[in-house]
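There are 2 protein chains.
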Amino acid sequence: MQNFIYHTPTKLIFGKDVISKLPEVMSQFGKRILLTYGGGSIKKIGLYDKVIKLLADKEIIELPDIQPNPKYDPSVLDGVRLCKEHNVDVILSVGGGSVLDCSKAIAAGAKYDGDPWDLITYKVKAQAALPIVDIITLAATGSEYDAGGVISRTETNDKTGYSDPLLYPAVSFLDPTYTFTVSKKQTAAGCADAMNHIMEQYFCEDSTLLNDGFMEAGLKSLMVNAVKCLENPEDYTARAEMMLCCTYGCNRIYSLGNSRSGWPCHGMEHALSAYYDITHGEGLAIITPRWMKHILSEKTVRRFKKYGVNVFGIDASLDDFDIAERAIKATYDFFESIGIPMHLRDVGIDESRIGEMAHHVAENEGLEEAWAPLLEKDIAEIFTESL
Amino acid sequence: MQNFIYHTPTKLIFGKDVISKLPEVMSQFGKRILLTYGGGSIKKIGLYDKVIKLLADKEIIELPDIQPNPKYDPSVLDGVRLCKEHNVDVILSVGGGSVLDCSKAIAAGAKYDGDPWDLITYKVKAQAALPIVDIITLAATGSEYDAGGVISRTETNDKTGYSDPLLYPAVSFLDPTYTFTVSKKQTAAGCADAMNHIMEQYFCEDSTLLNDGFMEAGLKSLMVNAVKCLENPEDYTARAEMMLCCTYGCNRIYSLGNSRSGWPCHGMEHALSAYYDITHGEGLAIITPRWMKHILSEKTVRRFKKYGVNVFGIDASLDDFDIAERAIKATYDFFESIGIPMHLRDVGIDESRIGEMAHHVAENEGLEEAWAPLLEKDIAEIFTESL
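For the protein sequence lines, the chains are F and C, in the order given. Note that this note's numbering numbers the first sequence so that position 264 is 264, with each residue one more than the last. Note that this note's numbering numbers the second sequence so that position 53 is 53, with each residue one more than the last.
There's no promise every hint is true.
Same chains, same names: a pair is fine if it fits in one copy or spans any two.
[Said to hold, decoys possible] Quick list of in silico lysine-lysine cross-link-like pairs, DSBU-like style, CA-CA up to 30 Å:
no.: 1; residue 1: K16; residue 2: K125
no.: 2; residue 1: K228; residue 2: K305
no.: 3; residue 1: K125; residue 2: K21
no.: 4; residue 1: K43; residue 2: K16
no.: 5; residue 1: K43; residue 2: K184
These aren't lab readings, by the way, just hints derived from the structure by calculation.
Starting from the given sequences, assemble the full structure and let the hints guide the process.
Structural data, given as structure tokens:
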């Protein structure tokens, strides 16, 4: 086991109708609230109206229209400007992980005098941030329980992950009923995103019985419950369990003490959605089995064997490589079975920019230091295999 | 899934030599430190000297000699008096769960003008508490990651669990090397304590694939690693994994959203160690399989089956009750195999006070509302079966 420091100060308020506690929670932070949200789904499900009614005694400044793969310009910049203009006390993020990721960048930028991009790229260390409360409406990213976010800058094809302990949400509200109306496409993509978060931690040199069992349970639970959610979108129990599995995704609790993995699929997928603005979870699902096949080796086969036997119930008495290959196929088949397009061409990506994307990833994501190191040519091969 | 609120503000600093961060951590809280510890094992392993050296610039007030099953009088009362006399800023607890439980009661009592027993018995709600930092030297109770403690009052045979969100340690240092010198007896008892913490959460009506997998992994990891620790007390990896399994024990993270179980074995064991001052983990190990046998029924067999199949690898095709009985026997056999005395008579308890203890438990522990309700006569029967 590796040494670690773990500290998640976020309070989780989980379950049906927990939003009734919103006024009490928000009052701790002040009167002026920046309300951030996305394309309007929170209006369709009545959540926007509920929030406005519950916070009738507060001053609400709105930042709507935050996009998936949230953009530095205009969303982060507009949010920072609004916070400064209105002397905002706290940000309330209502939506999925993109809205929350964007809100985290705003929270730090609001307390910084320079260009917020300095913080996102770690040129300057944030010294303070506005407190963040969120109401999550999509089971996927786990942003509600971690200190990081991912921001895209269209003009440079940058999609950059950043993280700072100041950016843990103070309080995350998780009501599974808000995910009842999530489309089949987004439910499946959320499942793939969360499964990949676990796989990124699972495939490493040094893990434990405890962490492996926890992660295997997370993967199995996500598969079983995503299928239930697709069959019956209002299955509360399935939506709830899927939500909690996702919440743990990027918090490190699945793998405390594990050795470094390098999060290679995320490194590669960030280029895909930066260049083509595709759905993050779909990009991950497409890349994952090709990445697995690419890194399968004498060194890595041990972990694939464990994964295959414990997650997919493959016969442990088979040859190790046979188990690994079956496990990789089972991963692909599962993603396909829940309706995810499994080729880059299906999501509008052809070979034309593979070289450019592979170069960008190799330059920026440090994947030569991943558990199974990836050089530019490996990345290009994985992209090509994914076409 | 049940609604829940989860919030653990404790920072975990885990691994070999992490104590080097102690001066930096303590400086956040002030200059006057109440140093609490037990019978002197921290002096034997050199930890006491290290702490004193690292905190040479602080004012240290000492409260030594805190006993297992920590006592209200003198330990809690002395600690509270010292904090008030010396205007202590922070408590540093160095030792196992008993020292830390006692320190939590002191932390609350130090900020209260009346009799600290009012707080422990919830007659009065604590309004403030001193911050607590701990260095844990025994893998067992999980007190380093929860907000509760258990305090004994000898004159009334009370052993009372209390809990308050104010009492989460601010920082817990976990260096597995400090557990290298833990005796075989205490290593086994610590394992049984931690296993029982998980079982208390596992045996309930409503759990999830995620939580079950996590708990089953915890149980399997504890069994494998406790055996390794007993064979080679300086096996770092085994000590480390056992430590983390124990840390999660009472924090609720193993079972967020599960329905209430009632923690029946703890309710019963508290009487045993209150009346006879036995080792808590041994008392739990003795009671657990007898409790299991007592509550096995058409209603509960489903959970015992899952436990038997997933934790002990019992053939799932057998009859449910057959699996359950094999699982209960496997539980007993495991505890016996690691050297735990498996009869109350082995730890000096005979039938003479069973009626009195069962009455005390029935009056004070609320076990008629446990998942499998226990009335006074059930408790007496379980004690008698445990002789």
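A quick look at each hint next to the structure:
1. Taking CA atoms no more than 30 Å apart as the test, K16 paired with K125 passes between copies only; the shortest distance there is 28 Å, against 38 Å inside one copy.
2. For a Cα distance limit of 30 Å, the shortest separation of K228 from K305 qualifies both inside one copy, at 27 Å, and across copies, at 24 Å.
3. With identical chains, the CA atoms of K125 and K21 are at most 30 Å apart between copies only, with a shortest distance of 21 Å across copies and 33 Å within one.
4. Taking the shortest alpha-carbon separations for K43 and K16, only the intra-copy value of 18 Å comes in at or below 30 Å, while the best inter-copy value is 51 Å.
5. Within a single copy, K43 and K184 get their C-alpha atoms as close as 19 Å, which meets the 30 Å cut-off; across copies the closest is 61 Å, which misses it.
Violated hints for the displayed structure: none, as all numbered hints are satisfied.
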